[in-house]
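S.K.: Protein chains in written order, with this note's numbering: chain A, 1 to 224; chain B, 1 to 167.
Derived by calculation from the structure, the hints in this document are not laboratory data.
Accuracy of the hints is not assured; some may be wrong.
SDA-like, lysine to any residue: derived pairs with alpha carbons at most 20 Å apart [said to hold, decoys possible]:
1) Lys58(B) to Cys29(B)
2) Lys19(B) to Arg9(A)
3) Lys7(A) to Arg159(B)
4) Lys157(B) to Arg29(A)
Beta-carbon label-pair distances, calculated as ranges [unchecked claim]:
5) Pro49(A) to Ala106(B): 48 to 54 Å
6) Pro32(B) to Ala163(A): 55 to 61 Å
7) Leu11(B) to Leu174(A): 52 to 58 Å
8) Glu221(A) to Gln7(B): 41 to 47 Å
9) Ser75(B) to Val59(A): 26 to 32 Å
10) Ser20(A) to Tyr135(B): 27 to 33 Å
11) Met1(A) to Thr147(B): 40 to 46 Å
Cβ-to-Cβ under 10 Å is the rule here; a few derived chain B residues that face chain A [what the hints assert, rightly or not]:
12) Cys29
13) Glu33
14) Ile72
15) Lys157
16) Arg161
We treat Cβ as the ideally placed atom computed from N, Cα and C, and that holds for glycine.
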Amino acid sequence: MDIDDMKQRWEEADRKLEASLRLSTRLLRESALSKAARATSRLSWLMLPEILLNLGLVVWLGSFIADHFAQARFAIPALALDLGAIALLIAQGHQWFALRGIDYGAPVVAIQKELGRLRLQELRVFKWVMVTAPLAWTPLLIVAIKGLLGLDAYVLFSGAWLAANVAFGVAVLLLAVWVSRRYADRMGRSPGIQRLMRNLSGYSLSAAEGFLGSLARFEEEVPA
Amino acid sequence: MTRRPSQERFLTLLDEHKKILYKVAGSYCRNPEDRRDLEQEIVAQLWRSFDRYDESYKFSTWMYRIALNVAISFSRSETRRSRHTVPAGESILEIADVRETAETDAGLQILRRLIAQLDELDRALILLYLDGNRYDTIAEILGISETNVGTKIGRIKARLRRDAATL
Numbered sequence: 001m002d003i004d005d006m007k008q009r010w011e012e013a014d015r016k017l018e019a020s021l022r023l024s025t026r027l028l029r030e031s032a033l034s035k036a037a038r039a040t041s042r043l044s045w046l047m048l049p050e051i052l053l054n055l056g057l058v059v060w061l062g063s064f065i066a067d068h069f070a071q072a073r074f075a076i077p078a079l080a081l082d083l084g085a086i087a088l089l090i091a092q093g094h095q096w097f098a099l100r101g102i103d104y105g106a107p108v109v110a111i112q113k114e115l116g117r118l119r120l121q122e123l124r125v126f127k128w129v130m131v132t133a134p135l136a137w138t139p140l141l142i143v144a145i146k147g148l149l150g151l152d153a154y155v156l157f158s159g160a161w162l163a164a165n166v167a168f169g170v171a172v173l174l175l176a177v178w179v180s181r182r183y184a185d186r187m188g189r190s191p192g193i194q195r196l197m198r199n200l201s202g203y204s205l206s207a208a209e210g211f212l213g214s215l216a217r218f219e220e221e222v223p224a
Numbered sequence: 001m002t003r004r005p006s007q008e009r010f011l012t013l014l015d016e017h018k019k020i021l022y023k024v025a026g027s028y029c030r031n032p033e034d035r036r037d038l039e040q041e042i043v044a045q046l047w048r049s050f051d052r053y054d055e056s057y058k059f060s061t062w063m064y065r066i067a068l069n070v071a072i073s074f075s076r077s078e079t080r081r082s083r084h085t086v087p088a089g090e091s092i093l094e095i096a097d098v099r100e101t102a103e104t105d106a107g108l109q110i111l112r113r114l115i116a117q118l119d120e121l122d123r124a125l126i127l128l129y130l131d132g133n134r135y136d137t138i139a140e141i142l143g144i145s146e147t148n149v150g151t152k153i154g155r156i157k158a159r160l161r162r163d164a165a166t167l
């Protein structure tokens with residue numbers, strides 16, 4: 001196959017296409033453009049409830065810390081949770097602004113690199129949330145019971161019970177990672193579950209790193 | 001002062017450059033439903049970005065950039081979401097006579113199959129080349145140097161030749 005000969009045939013087909021192709025401006029006017037305008041950066045809007053929820057949590061934890069500042073057994077777990085929630089909020093806020101600021105009309109490699117970096121950051125945040133979630137469960141229980149019900153978890157539950165909770169959380173996480181690595185492609189037809197499984201197994205993280213690597217190689221000047 | 005995007009101006013420009021939409025969507029999706037979804041996503045992104053379009057630059061360059069950026073992200077998306085903005089069964093692009101397209105040229109069909117095997121970036125590069133864009137335009141669209149464009153096109157052509165020989 002001679003590619004330059006194929007290029008001529010491609011251009012010939014292109015000329016025929018020009019005469020044959022119709023754009024339905026009626027359909028675009030009636031629905032597509034108005035809906036597209038409303039759906040401005042859908043992904044960034046999908047993140048908004050998560051950001052607001054986290055912001056609410058940061059505010060609530062801040063107020064809890066202020067109320068229990070003198071009681072270290074409540075203030076320390078609340079402070080640990082608050083620091084984690086603030087770190088997550090910063091990461092989410094950065095993603096939100098970065099996604100909204102992306103100009104798709106910029107050169108392809110630059111935009112794909114930016115999108116790739118954001119995806120990688122999202123996956124790294126997800127990984128850290130998953131790793132710290134079992135450890136966050138016990139302080140969350142202590143703070144939530146005190147803050148919402150006014151009860152003292154240290155009195156209600158024994159130290160062994162709280163330690164067992166942490167151990168159980170870690171075991172569940174390890175099991176989830178193992179299941180997702182082994183059965184990622186077989187479990188669940190829902191795209192959301194598939195995505196969760198790929199994220200848990202680390203497959204998505206490797207894919208995102210691989211794509212950034214291929215972009216770097218693509219940009220690299222190679223001798224002819 | 002920022003100019004408010006004009007829908008009529010946008011539709012006129014889109015109509016003049018509809019082949020870009022058709023060919024980019026066709027190069028990244030062989031499945032007709034995915035292709036239709038991708039066409040809609042590209043148009044939606046073009047419309048959303050239209051107020052940033054600087055008319056001192058060629059519309060085709062800007063449109064290729066957006067179409068390729070959306071198509072690459074679409075084909076890399078792990079969860080394909082159907083975001084129909086037009087009624088099911090209808091398409092924003094229609095072919096009046098399918099005999100008048102590359103679909104009936106066996107050689108071009110083979111070429112398209114071979115292009116589909118390339119990674120997303122090489123696919124973009126060869127599509128721009130086959131569409132008759134000059135190296136400096138391709139470099140501007142992709143954001144790599146002109147020398148790099150020339151070298152890569154040479155390599156992709158050699159690869160396509162090799163792949164075709166094994167068919």
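S.K.: Hint by hint, which ones does the structure fall short of?
M.R.: 1, 4, 9, 11, 12, 13
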